[in-house]
Each structure stands twice: as structure tokens, then as C-alpha cells.
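Number of protein chains: 2
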Amino acid sequence: MEKLRGVNLGNWLVLEKWMSEDLYSGTTAMDETYLCVELGKQRAADRLKVHRDEFITERDFEEIAAKGFNALRIPVPFFLFEDVGPYIHCYEYLDKAFDWAEQYGLKILVDLHTAPGGHNGTDNSGICGICTWSTKPEYVQYTVDVLEKIAARYGQREAMWGIGVLNEPMCSDTEAGKMLNIENFVQFYIPVDKELAKHNTNYTLAFLKQFYLDAYNAIRRHMGPEKYVVFADAFELDIWDDFINGLPGAVLDTHNYLMTPDMTLFQEKNADVYAAYLQKLGERVNATARRVPLIVGEWNAQNQADGLADMTKAEKDHLYTTVADGFQASMQDAMGWFYWTWKVIMGGLDAQVDDASRCVRQGWLRF
Amino acid sequence: MEKLRGVNLGNWLVLEKWMSEDLYSGTTAMDETYLCVELGKQRAADRLKVHRDEFITERDFEEIAAKGFNALRIPVPFFLFEDVGPYIHCYEYLDKAFDWAEQYGLKILVDLHTAPGGHNGTDNSGICGICTWSTKPEYVQYTVDVLEKIAARYGQREAMWGIGVLNEPMCSDTEAGKMLNIENFVQFYIPVDKELAKHNTNYTLAFLKQFYLDAYNAIRRHMGPEKYVVFADAFELDIWDDFINGLPGAVLDTHNYLMTPDMTLFQEKNADVYAAYLQKLGERVNATARRVPLIVGEWNAQNQADGLADMTKAEKDHLYTTVADGFQASMQDAMGWFYWTWKVIMGGLDAQVDDASRCVRQGWLRF
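Line order of the protein sequences matches chains A and B.
Heads up, the first sequence is in our numbering, so the first residue is 1 and it goes up one at a time.
Heads up, the second sequence is in our numbering, so the first residue is 1 and it goes up one at a time.
In short, the hints are calculated from the structure, not lab data.
Among the hints, a few may not be true.
Each pair may be met inside one copy or between any two copies, as identical chains are not told apart.
Derived pair list, reagent style DSBU-like, types lysine-lysine, alpha-carbon separation capped at 30 Å [claimed, not checked]: (1) LYS316 to LYS227; (2) LYS316 to LYS194; (3) LYS316 to LYS136; (4) LYS17 to LYS269; (5) LYS313 to LYS96; (6) LYS313 to LYS280; (7) LYS96 to LYS316.
Start from the sequences, fold in the hints, and give me the full structure.
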């Protein structure tokens with residue numbers, strides 16, 4: 001199978017405010033939930049429809065293919081198929097995505113990015129500072145049901161590569177969970193509903209694995225093992241071998257950003273520091289990729305050091321090609337990767353590096 | 001001065017329904033006027049803000065420059081600076097356009113595309129089937145005032161190339177006016193307000209020239225002759241020599257589409273027919289360009305023959321490169337040209353040919 005050289009369609013069907021702040025104008029909302037709540041159904045629908053119609057179009061699919069990518073990871077919300085609460089469904093756009101992907105020869109990884117009740121507390125889970133998904137069995141069941149519906153509707157499509165069952169879950173009883181948990185996250189992602197936040201609960205690895213199995217079985221009722229079921233590593237790369245290898249067509253998904261290992265690395269401007277870091281990262285990632293089917297579902301070359309804007313073109317070229325090339329070497333034994341993200345509509349150098357299209361044009365992302 | 005290789009930012013600040021039909025969903029509107037009327041102020045603002053924020057962004061300016069264009073023609077409405085009636089102003093976006101253009105080294109031709117009361121009856125005038133602009137002196141004065149405000153606000157900007165005073169006016173007493181007049185246009189662009197349509201009036205060439213002079217003088221109060229004032233030829237290329245040459249920094253603007261000469265030419269698939277037509281067109285256009293400063297403010301390679309979608313890639317390449325190359329040869333003595341348009345967000349081959357970005361990617365538009 002050809003290696004996946006993919007890109008995420010971030011901020012299309014699952015909003016992230018930093019990627020199109022103007023969409024939130026006139027509200028205090030920090031996430032899609034309160035954008036819909038504050039605007040009310042009709043106004044939210046007016047804005048979201050135009051956003052969904054115009055942010056990503058057939059034109060983007062054509063350009064993605066022309067630039068040499070061969071795959072898309074498309075974040076979708078749990079309310080994909082029906083208006084739940086304040087939310088507005090959007091499966092019509094996933095329908096279009098499959099049509100366009102098949103027209104331009106792209107594969108799709110549909111990635112469930114949000115879950116009822118909130119599953120990790122981040123903005124990209126749709127509701128900041130809230131993590132109550134595991135507290136109600138009906139939330140988890142709804143999540144499994146949505147995944148089954150995705151498999152039923154798109155599982156036989158030529159463009160279907162796989163389904164990611166839940167983006168970036170974080171467990172209470174893992175090493176990563178000591179840092180990446182809702183108690184820490186509420187400091188950055190402030191919950192609007194303080195009463196609801198009292199129910200915040202991190203789930204165990206065992207709980208997550210049970211959900212993963214239920215999701216796998218539901219998806220497999222509609223989609224054979226030649227199409228993949230993708231499981232996030234919950235930021236623990238080396239604990240999944242038996243689980244993944246025990247399920248036909250299961251794939252592990254790990255995410256790598258410069259900011260992941262610690263909060264200072266991505267403020268560095270010395271390319272050599274990154275080269276050394278990525279060398280070590282690659283030893284781990286490639287070792288895992290040789291043991292289990294692995295993708296890197298998110299990565300990019302972005303960093304946030306001061307003074308990047310003042311660097312010369314040659315300095316920027318050296319920095320960003322070192323990072324982007326180093327990341328790619330770190331994933332050479334994986335089934336593939338998906339850059340985060342295709343399109344960011346705001347200015348500045350950071351946005352150029354988050355934006356795969358602009359990175360390719362600058363010569364920073366090359367493959 | 002470097003020859004202008006430009007592109008229009010159509011459908012950004014002046015809507016044309018065929019270029020983003022989804023924006024009109026749930027309404028019966030065929031133009032921006034009735035879109036705003038039917039939705040009401042708040043809902044229209046919700047939709048238009050997202051459209052204006054997302055349809056064209058800094059990312060587009062970067063891409064336009066990277067593809068080798070050096071200029072933009074930006075259609076703007078008469079309500080650019082203030083909410084008039086049902087309309088929603090948009091000068092903030094023209095502000096951004098000047099910032100971005102200067103960042104990426106592009107020149108801007110600001111083109112006033114609509115006027116109070118409607119000035120030609122087409123959808124791109126903002127109100128279908130209505131042409132009453134010349135019937136009220138206050139309409140014409142408002143138009144002159146808007147042009148003066150544009151000159152006052154942007155006239156000294158580095159990116160300012162010029163101001164087009166009114167897009168595609170059509171006169172009652174010219175040869176072209178026998179076909180291109182409101183009595184004929186109401187058959188294609190049906191007026192919603194039949195009472196208003198009773199006041200439809202085509203204006204004379206003398207009336208138009210007086211407006212042109214008033215506009216020129218108002219603009220020149222803020223903008224010296226090193227920046228251009230651009231006058232549409234009202235579809236009569238050869239009647240403007242004395243007028244244009246009598247005004248320092250005046251430029252004539254002519255528009256050329258395959259559908260302009262008659263309604264059958266653009267249904268042809270034989271590239272030789274186009275090559276012959278464009279050869280003859282070029283004799284006229286280049287002759288004019290040697291007598292007066294001239295731009296071609298709109299042109300493209302689109303045609304609407306049946307069966308284009310079934311042509312092989314090689315056949316399409318031959319057809320569209322013949323047309324695009326032929327058009328460029330026909331304008332070689334002009335100051336420059338602007339392809340119509342940068343971006344069309346709908347599918348199909350026609351859209352690919354209307355869309356300059358996709359035309360460049362296909363290799364059809366090359367320069």
C-alpha cells in the first residue's frame with residue numbers, strides 16, 4: 001500500500017476558534033458549543049452553513065491532490081447526523097468530501113473529534129474545560145452508535161481508508177495522564193458551566209479500551225478489515241501492541257508536535273536542537289511502527305519562539321525544512337502521516353507553518 | 001511600468017449568485033439586494049460576514065502573488081462605507097486588501113461595481129432587472145461621492161493602481177446599446193419590484209461622459225495622475241480616444257469574453273475557430289491600445305459548448321490554451337489585463353475555467 005501523505009481538514013466540520021476567530025465575533029464563546037448557544041439556532045446555522053460551504057470546497061480537494069497529498073483526515077463531531085442540543089449536523093459535507101475525494105484520488109480517514117459530555121476538556125473537543133463523557137453510559141453508547149452510522153454510510157466507499165474512533169482521549173491512570181488531565185486543563189480551557197464542571201472525571205485506560213472494543217465491533221459490522229479502525233494512543237505510544245495486533249485492521253494513531261514533549265522545546269530557534277530531538281523521537285516512533293500498524297494522525301512544523309518573524313528567508317527555510325524533514329524521517333516506518341492542517345485563515349508566520357498549503361508553497365514541507 | 005497580469009476578486013465584496021449559490025439558500029433572491037431584504041439585517045450580516053471573512057483571505061493574496069499575478073481588480077459596492085437600506089458595508093475588507101496587497105507586492109484596481117438605483121440591470125450590479133440610476137441626481141451624486149471617498153482613503157496607498165468609476169455601464173444611443181439595454185435585459189434578469197422597473201431608463205453616452213468627468217475630478221482631488229482613473233468603454237471600444245487622451249492618467253477598460261460578440265461563439269469546441277476570432281479581436285484591441293491607455297478589466301477562457309466534460313485532457317488542454325494564449329496575444333499592447341475571476345466555489349469544468357487559480361494549475365493559463 002502506498003504510504004499515506006495526508007493532511008487534516010481542521011476547523012471545517014469541527015471548529016477551533018484560533019483558526020477562524022472572526023466566526024465568533026459578537027460572542028464570548030471559546031468553543032463551538034457556546035458559539036451555538038450564544039447565537040441561537042438560526043444565527044448559528046447561518047454562520048456555520050456559510051463556513052462549511054466556503055472554508056473547504058471541491059477546489060481544495062483539487063489543490064490537495066495537485067500538491068501531492070494522497071489522503072485526508074477529516075475531524076467530525078458527534079452530532080454529525082442530527083441536531084443534538086444547540087448543535088447543527090453536517091453529514092452533507094462529509095458526503096461531498098467522499099465524492100470529491102474519489103474524484104481526485106484521495107483517501108479519507110474520518111476522525112471522531114468530539115463526544116457527548118466532552119471527552120478531554122480541550123477546545124477541539126467542542127466544549128472547553130468539560131470532561132464528563134465517561135460519567136454517563138448513554139454518552140458512550142451514543143458515541144459508539146455514531147461510529148457505527150459512519151461505517152454504515154461510508155464504509156464501502158472507495159475513498160474510505162478508515163475511521164478514527166476518538167481524537168486525543170486522555171486517561172487518568174497512565175504516565176501521560178499525570179500531565180494531560182482535566183484538572184490541569186481547566187486552567188487553560190475555562191469551563192463556562194461551573195456546575196457541569198464539577199462532574200469532570202478522567203477515565204481509566206481500561207474504560208477507554210472497553211470503548212475501543214465496542215467501537216471496533218460496531219464498525220466491523222459494516223466495514224471489513226481491508227478498511228482500518230484507528231485508535232488514538234492517549235499519548236502513550238508503547239502500551240498498545242497487544243491490543244492493536246489482536247484486532248484485524250486496527251491501526252494506532254499517535255500525534256507529534258514540538259510542543260508535546262515539554263512546553264519549552266517549541267520556543268527554540270536552533271534547528272540543531274530540533275534535529276537532535278526528532279532523531280530521538282524517530283527511534284521510538286519507528287520502533288513502534290515496526291511492531292504495530294501506526295499512523296501519525298497529527299504533526300506539523302510550527303513552533304512559537306520569539307523573533308521568528310525577524311528571521312531571514314534563508315534562516316526560516318533552514319529551520320522549517322529541518323523540522324519538517326526531521327519529522328518525516330521520524331515516521332518513515334509508519335503507514336503514513338497527516339499534517340495539521342490544510343488551511344488556516346489568519347495572518348502571521350505561525351499560521352503559515354500550521355497551514356500545509358502555504359508550507360508546501362514555501363518549500364518547507366516537501367515529499 | 002510592468003505589464004499588469006491581474007485577476008479579479010469576483011464574488012467577494014459584490015456577490016454574484018452563480019459563484020456561490022449556497023449563500024442564498026432558503027431565499028428566493030437572485031441578487032445581493034434581495035438576499036439582504038429576505039434575510040433581514042442580522043441574518044444577512046451573519047452570512048455576509050462569514051463569506052467576506054472566509055471567501056478571500058490573506059492566504060489568497062499570498063497564492064495569487066506566488067502564481068505570478070501582480071495585480072488585483074476588486075469589485076466594490078456603492079454601500080462600501082455605510083449601511084444603506086438593506087445593505088451591509090464592507091470597507092474593512094478593502095482595508096485588509098490594501099494591507100495584504102502591499103505585503104505580497106500586488107497592485108489594486110478598485111472597481112465600483114454597483115450604483116444606487118441600479119445602473120445596468122445585471123445580477124452583478126446588485127439588483128436584477130433594475131436600471132434607474134440616471135433618473136435621480138442624488139443617485140449619481142452618491143456615486144461620485146463614494147468614488148471620492150475611495151480616493152481619499154486609499155489614493156496614497158502604495159498598492160493603489162487606480163479606481164474604476166463604474167463597471168459595465170450601457171448606453172441607450174450607441175451601437176452596443178441596441179442589444180445591451182435594460183429592455184432586453186429584463187428578459188434574463190427578472191425584476192422583483194415591477195413598480196420600480198417601470199422607471200427603468202437607459203442613459204445616453206453624453207450623460208455617462210458627464211458622470212465620468214465628475215468622477216474624474218472628484219478622484220483627482222485626492223489622487224495624482226500617477227494613479228489611474230479607469231473608465232469602462234460601455235462596450236464601444238473605438239469612441240473614447242479624445243476623452244481618454246484628454247485626461248491625465250485616464251485609462252480605458254474593455255471586457256472580452258467569448259460570449260460577448262454573439263451568443264453562439266462560446267458554444268464552439270473547435271480551437272481553430274477561436275484562434276481566428278481572437279486574431280481579429282486582437283487587431284482591434286491592440287490598435288486601440290496603441291492609441292489610448294487600455295486595460296482589459298475582464299476576460300476568461302470559459303465557453304459553454306456541450307460535451308466539454310467528455311473531452312480528453314489533451315483536447316481540453318489544446319482548447320483552453322488556444323483560447324487563453326489567443327486572448328493574451330490580443331491584449332499584448334494593452335497596459336495589462338485581469339482574468340475573471342480568482343475563485344469559483346462550485347464544481348464542474350466551467351468553474352475550473354472561470355477560476356484563474358485552477359486554470360493556472362491545469363496549465364491553461366500561462367504567462
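Practice item. Can you give me the call for LYS313 and LYS96, within, between, both or neither, at a CA distance of at most 30 Å? Key: between (38 Å within a copy, 24 Å between copies)
Point to revise | Within, between, both or neither, where LYS316 and LYS194 count as close if Cα-Cα is 30 Å or less | key: Neither way: LYS316 and LYS194 sit 43 Å apart in one copy and 61 Å across, limit 30 Å.
Check your understanding: Between copies, within a copy, both or neither: which fits LYS316 and LYS136 at Cα up to 30 Å?
Key -> neither (48 Å within a copy, 58 Å between copies)
Exercise for review: Pop the pair LYS316 and LYS227 into one bin, within, between, both or neither, using alpha-carbon distances up to 30 Å.
Suggested key: neither (39 Å within a copy, 36 Å between copies)
Review point. Under a CA distance limit of 30 Å, which applies to LYS17 and LYS269: within one copy, between copies, both, or neither?
Key: within (27 Å within a copy, 47 Å between copies)
**Study point:** Status of LYS280 relative to LYS313 across identical chains (alpha carbons, at most 30 Å)
**Key:** within (28 Å within a copy, 47 Å between copies)
Exercise for review: Please work out whether the CA atoms of LYS96 and LYS316 approach to 30 Å or closer within one copy, between two copies, in both situations, or in neither?
Suggested key: For LYS96 and LYS316, the Cα distance is within 30 Å only across copies (25 Å; inside one copy 37 Å).
Violated hints for the displayed structure, listed by number in ascending order: 1, 2 and 3.
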